[in-house]
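Residue numbers (the working numbering), protein chains in the order written: chain A, 1 to 326; chain B, 327 to 966; chain C, 967 to 1145.
Simulated from the structure, these hints should not be mistaken for laboratory data.
Yeah, the Cβ is synthetic: ideal placement off N, Cα and C, and Gly gets one too.
The reader is advised that the hints may include incorrect statements.
Unchecked claim - To be clear about the criterion: a stretch of chain B counts as covered by chain A if any three or more of its residues have a C-beta under 8 Å from a C-beta of chain A, and this derived list gives those stretches:
1) 601-609
2) 936-945
To be verified - Across the chosen pairs, the derived CB separations fall in these ranges:
3) C:D1060 / A:I134: 38 to 46 Å
4) A:M39 / B:L810: 46 to 54 Å
5) B:F778 / A:V76: 23 to 31 Å
6) C:P1126 / A:S97: 30 to 38 Å
7) B:F778 / A:I134: 40 to 48 Å
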Amino acid sequence: MSGHVFSAVQQSALDPAGPQAERIGDVWWLMFWVCAVVMALVTLALLGGLLHARRRRESEAPQPIAPESHRRMTWVVSGALATTAVILLVLLAASVSTGRALGSLTSPDALVIEVIGRQWWWEVRYMDDQPSNILTDANEIHIPVGRPVLIRGTSRDVIHSLWVPNLHGKKDLIPGYVTDTWIQADRPGVFRGQCAEFCGLQHAHMAFLVVAEPPAKFQAWRAAASQPARPPRTPLELRGQQVFLNRQCALCHTVLGTDAGGRIGPDLTHVASRRTLGAGTLPNTRGHLAGWIVDPQSVKPGNRMPQNPMPSEDLLALLAYLESLQ
Amino acid sequence: MSAEPISYPDDDALAEDRRRLEETWKSRPGLLGWISEVGHAKLGKRYVVTAFVFFALGGIEAALMRIQLARPEAGFLDPDLYNQIFTMHGSTMMFLFAVPMMLGLGVYLVPLMIGARNMAFPRLNAFSYFTYLAGGLLLYSFFFLNIGPDAGWFSYVPLAGPDYSPGKRADVWAQLITFTEISGLAVAVNLITTIFKHRAPGMSLNRLPLYVWSMLVTSFMVVFAMPAIMLASLMLAMDRLVDTHFFNPAEGGDAILWQHLFWFFGHPEVYMIFLPATGIVSTLIAVFSRRQTFGYLTLVLSLVATGFIGFGLWVHHMFATGLPQLGQSFFTAASIMIAIPSGAQVFCWLATLWGGKLRFRTPLMYVLGFIFTFVMGGLTGVMLASVPLDLQVHDTFFVVAHFHYVLIGGAVFPLLGGLFYWFPKMTGRMLSEKLGHLSFWLVFLGFNLTFFPQHILGLNGMPRRVYTYPPETGWGDLNLLSSLGAVVLALGVLVYVFNALRSLRSGPIAGDDPWESESLEWATSSPPPPYNFHLIPTVSDRYPLWTRTGDEPVVTGLKSDRREVLVTNTLDAELDHRDTSPGPSFSPFFLAVGVAVTFITSIFTPWGVVIGAVPCFLALLAWFWPRLDQGHTVLKEKKS
Amino acid sequence: MRRPLALGACFLLLGLAACEREERRLRELPALAMTGRPVREVKLQPGRPQPARSGGRYEGNAYAISEGKRLYQLYNCSGCHFQGGGGIGPPLMDDKWIYGDDPQNIHETIVEGRPNGMPSYGGHIPDQQVWMIAAYVRSLSGQLGKAASPGRSDHMAARPSEQATKEEQPKTQKASPPG
C-alpha cells in the first residue's frame, strides 16, 4: 500500500522532463564524455609510465634529466597543457551558452506560482490578477504540461533550496530575497523534489511533488482546488469537524469555508486530494494520517506539529472529516 | 664567520662544540618542558600527532553517519545528534585536521629543509600550537556536553543565527573558528618569515625545495583568506550575543553576506590543504623515481597561480542563490581556469615518472593513488564550475563525492605517503613496507568504493546533510555499498596506525638517509638534534644531497653557548646577520590560556573580552619583558 | 599512555553532566502531551489558590524557550500583549505579576483564561506548548538568565532582546488588571 503512491514518482537529473533539465542534461553528457576520455588518457599515461619505468634497471644513482629528453618532455607537457586549455575553453563555451539558454525560457502568459519555504514544508500559492483567485496549497505543485511556469521563491525562516531534478536545477529560497526560476514540463508525470539547502532538524523530510498534467486537467484541478471545503455530510464527518474546530487543529491550519483559519501549518482545505503527508514524508493513507495526527514527532522529530493524543472516537471522526476534504 | 670549504678543527674541539650546542638548545625536562617547549621539531611532531587524533575523531563521526545512512529510515542517530555529528565531522576535518596537519608538518619540515635551526619566531610557534589545541579541546568538550554545533561546518545564517539556533551551540562553532584561525595566521606569518630569512646560504629562491615553495604559497593564502572568516565568525558571534543585525534582513542586514565572507575564506581553504600536498607529491616523485622533478619552474608558477586564482572562485559555491548571469560567467571561467595550473602539475609529475627508475615503496604507491584520484576529483570539479550543471548537482552527494576525491585523494593520500616517508626522520625508525602496501590498497579501494557511488546518488537526487531518506527513493543500495566501502577505508587507516605504533617500538633503525633523498633534512641525524645542524650547510643546487661531493662549504662561527641562528637575505640567501633565538618560555602557554579564557567566556557574556584581557596582558608582559642576552649581530663582511 | 586515559575520563565526566540548556526534547511521552479538557467553572473566576512553586518544565531549556517565543508570535499572544510591553493586555516584561510569577501560574492563565479578556486556550494549545510559552513569558522580564534566553529575532527589533533584558524582581502584591 505504502509503495504505490511513490512508485510512479520520478527523481533523477538524468531523466529530463522539460527543456531546462534537458539542456543541463546535454551539458552533463558532453562533460561526462570529455572527462571520461581525459580520465582514460591520464590513467593510460600513468600505467604506461609505470610499465616504462619497470623495464629500467634498479639502483642507479639519481640523475638530472638529460637535455634531449628534457626537450621532448617539454613538448609533450606543453602539448598536453595546450590541449587541456582548448578542452576547457570548449566546456566553458558550452556552459555559458547553456546558462544563457536557461534564462531564455520566459513567457508573458506564464503561470506564476509563489513557493514559500517554511521549516519544513512548502507553501504554494498560485498567483492571479484577482487577489481573491489566489489559490494556496502546500507540498504539491501542479503545473500544466507545455506551458512555462515562473516560480517565485522566498522563505519565511531560514534558507531553503527548491530542487526538482527532472525539471531544473536548484534555486535557493532566501529570507529577504525573491528568487525566480522558470520551469516547464514537456510530459505529464509526478516528479519528486526535495529541499537541497540544509535547513535544520527535518531537512531530510522536506520533500514535495510536482504534478505535471495536461492543461485541461490542470484547469479542472485548479477550479476544484479553489472551492471551499465540502461541508460534512455524515454525522461522523460532522463530529470530526467539531473535533477539528474545537481541539488544537484549527489554531494552525486553515480549512476554507469553516472558522479554521490558522496560517501556521499547511492549508488543509483539500488535504485528502494530496498524495503525501508531512511534506513528502508519508503516503496519504488513513493509517498514516492517523499516526501523523497523534504522534507526528515520532515520524518527523522536531517538526512544528505537536503530538495530539485524543480519544479514539474523536480520532475516527476527525479522520472521516479529513478524508472528506477532497 | 665565513663561508669557506670545510677546514675542520680537530675532532675534540668539534665534539666539545657539539656538546655545548646540545646544552644550549635542550628543552626543559618533564611537564614544564612540555609547556615551555619552543623547538620546531617537537612542536611540529605534536601538531602532527594532535591533528591525527582529530582525524581519527572525524573518522569516527564519518563512520557513525555511514551507519545511519546505510539503510533508508534508519533509527541509529536521531536528527538532532546527526546534525551535530555531521557538523563536527566537517569542522574537525577542515579546521582541526587538514589545515593544522599541513601547517604542522610544515613547522616540522621547513626549518630542516632550508637548513635553519628553528622557526623565525619560536615562541609564537608554541603559542599557535596551544591555541589550536585549546580550540580543539573546546569543541570536543562542548560536544560531549551536548553543546556541539549543529548548523553545518559552513554555519549558514539565518539557520546559525540567534533566531534558529537557540542555546550556545553555534557560538561554540564561531569561537572554534576564531581559535583555529588565530593559530593558523600565526603559523603562516612564522613560516613566511622563516622561509624568507632563515635559509641556508646559497639557497636562493630558485633553489628552494618544491615542498617549501608550496608551504610559502599556502602561508600567503592563509594570511589573505583567514581574516575574512574571522570577521564573519565575529559578526555571527555578535549577532548572537549582543543582538547586532549583520545578517538580519528585516533590519538591513543580509543573509547572503555571510556566504560571501565564508566562501571567500572557504574556497581558498581547499587550496591551503591541497597545495602542501602537491609539495609532498613533488618531493616523493623525485625521490622514488630517482630523478629530478621535471618542470621546476612550471611547478612553482602553478603553485603561485593556484594561490592567486584560488581567491577568484568562491562564488561557485553560491550559484543557486541567483546571482546575475554575467557575474556567474566570470566565476565559471575562473573555476575552469584553475584546472590549468593543476593540469600542468599533473603533466609534470607524469613526465617525471615516465623516464624515472621507480621504486615501488609505500610513499610512491600513495602518490600513484593520488594522481588517479585527484584527476578524477579535478574533472568533477570542472563540472561543478559550470553554472547549469552545478545547479543540478550542487548540495547533493555528487558534491560530497567530488570534494572527498579532491580532499582525501588530493591531500590525505599524499599526506599518508609523506608521513610514511618522513616517519624515519621524525622517529629514527622505519615503517613496515608490507603493512604499508596493505594499508595503501585498503585505503585506495575502500575510498573509491565509498565515494564513487555517491556521484550517482547525487545525480539521482539525494541531497547532502540529510539524516535519512525514504525507501521509495531507491537510494538504499548505493548507500549500503558506500557504507561497506567505509569499513574497508577505516580498516586501511587502522592498519596504517598499527604500523606506526608498532614501528615506534620495534621498527628497524633508519639511519640519516634511508631513502637516498635529495633535500637537506636528510643531511642530519634521524631524529635531528634540537639544533638541527651542527654546522649549517650551504647550498649550490636544487638537489643538494644528490649532487654533493663532500667538500661543500659549511657555515662556522655561530656561537654555541647561546641560541644563535643565521639570517640570510630574502632573494639570494646571502649571509646577513646572526640573531639570537629565544629559549624555552612559559609565556606562549599562558597567553594561549588567556586567549582561551577570553574566547570561552565570551561565548556567554560580552564581558569575556574584558575578563580575558587581564591574563592576556600579563602573559604578553612576561613575553616582551626585555632581556639582556638577546640581540643580533650584523655581519660586517657580507657581499663580496 | 596515562595522559590520554585521563583525558578520556574527563570527557566522559563532562558527558554525564550533559547540558540541560541545550537539550531538544522533540517528543514528549504521550501522557505528558495529553491535554486536559478545558476547565472553566464560571465565566468570571478568581485566581485559584497559589500553588507551591513548581519550577516549570522548560525553564532552563534554550530550545523550548525559543520555540515558546515562536509560538507566542504564531498564536498571536503579541496581538494583545505586544512584544511584552502590553497594550490591550497587561505588559509581560515588567515586575508586576497579577496572577503570580510562577510557571504554574502562567500555565494556568493560558489554559484557563483570566477575567477581563484573557481567553482560555485549554484544549486548543497542547500542554507541551503551553509550558514552552510559559517559559518564554518568564524570559520576557529576564527571569531565566542570559544563557538560555533568546537573542534577537530576524524581525524588526521592537524591544531589546530577551537575553539583553535586565532581570525584574517580581512584585507579589496584586495590581489591578487594566480595565
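Okay, the hints, checked on the actual structure:
no., hint, verdict
1, 601-609, "violated (count 0)"
2, 936-945, "violated (count 0)"
3, C:D1060 / A:I134: 38 to 46 Å, "holds, 42 Å"
4, A:M39 / B:L810: 46 to 54 Å, "violated, 24 Å"
5, B:F778 / A:V76: 23 to 31 Å, "holds, 30 Å"
6, C:P1126 / A:S97: 30 to 38 Å, "violated, 53 Å"
7, B:F778 / A:I134: 40 to 48 Å, "holds, 47 Å"
Of the numbered hints listed earlier, those contradicted by the structure are 1, 2, 4, 6.
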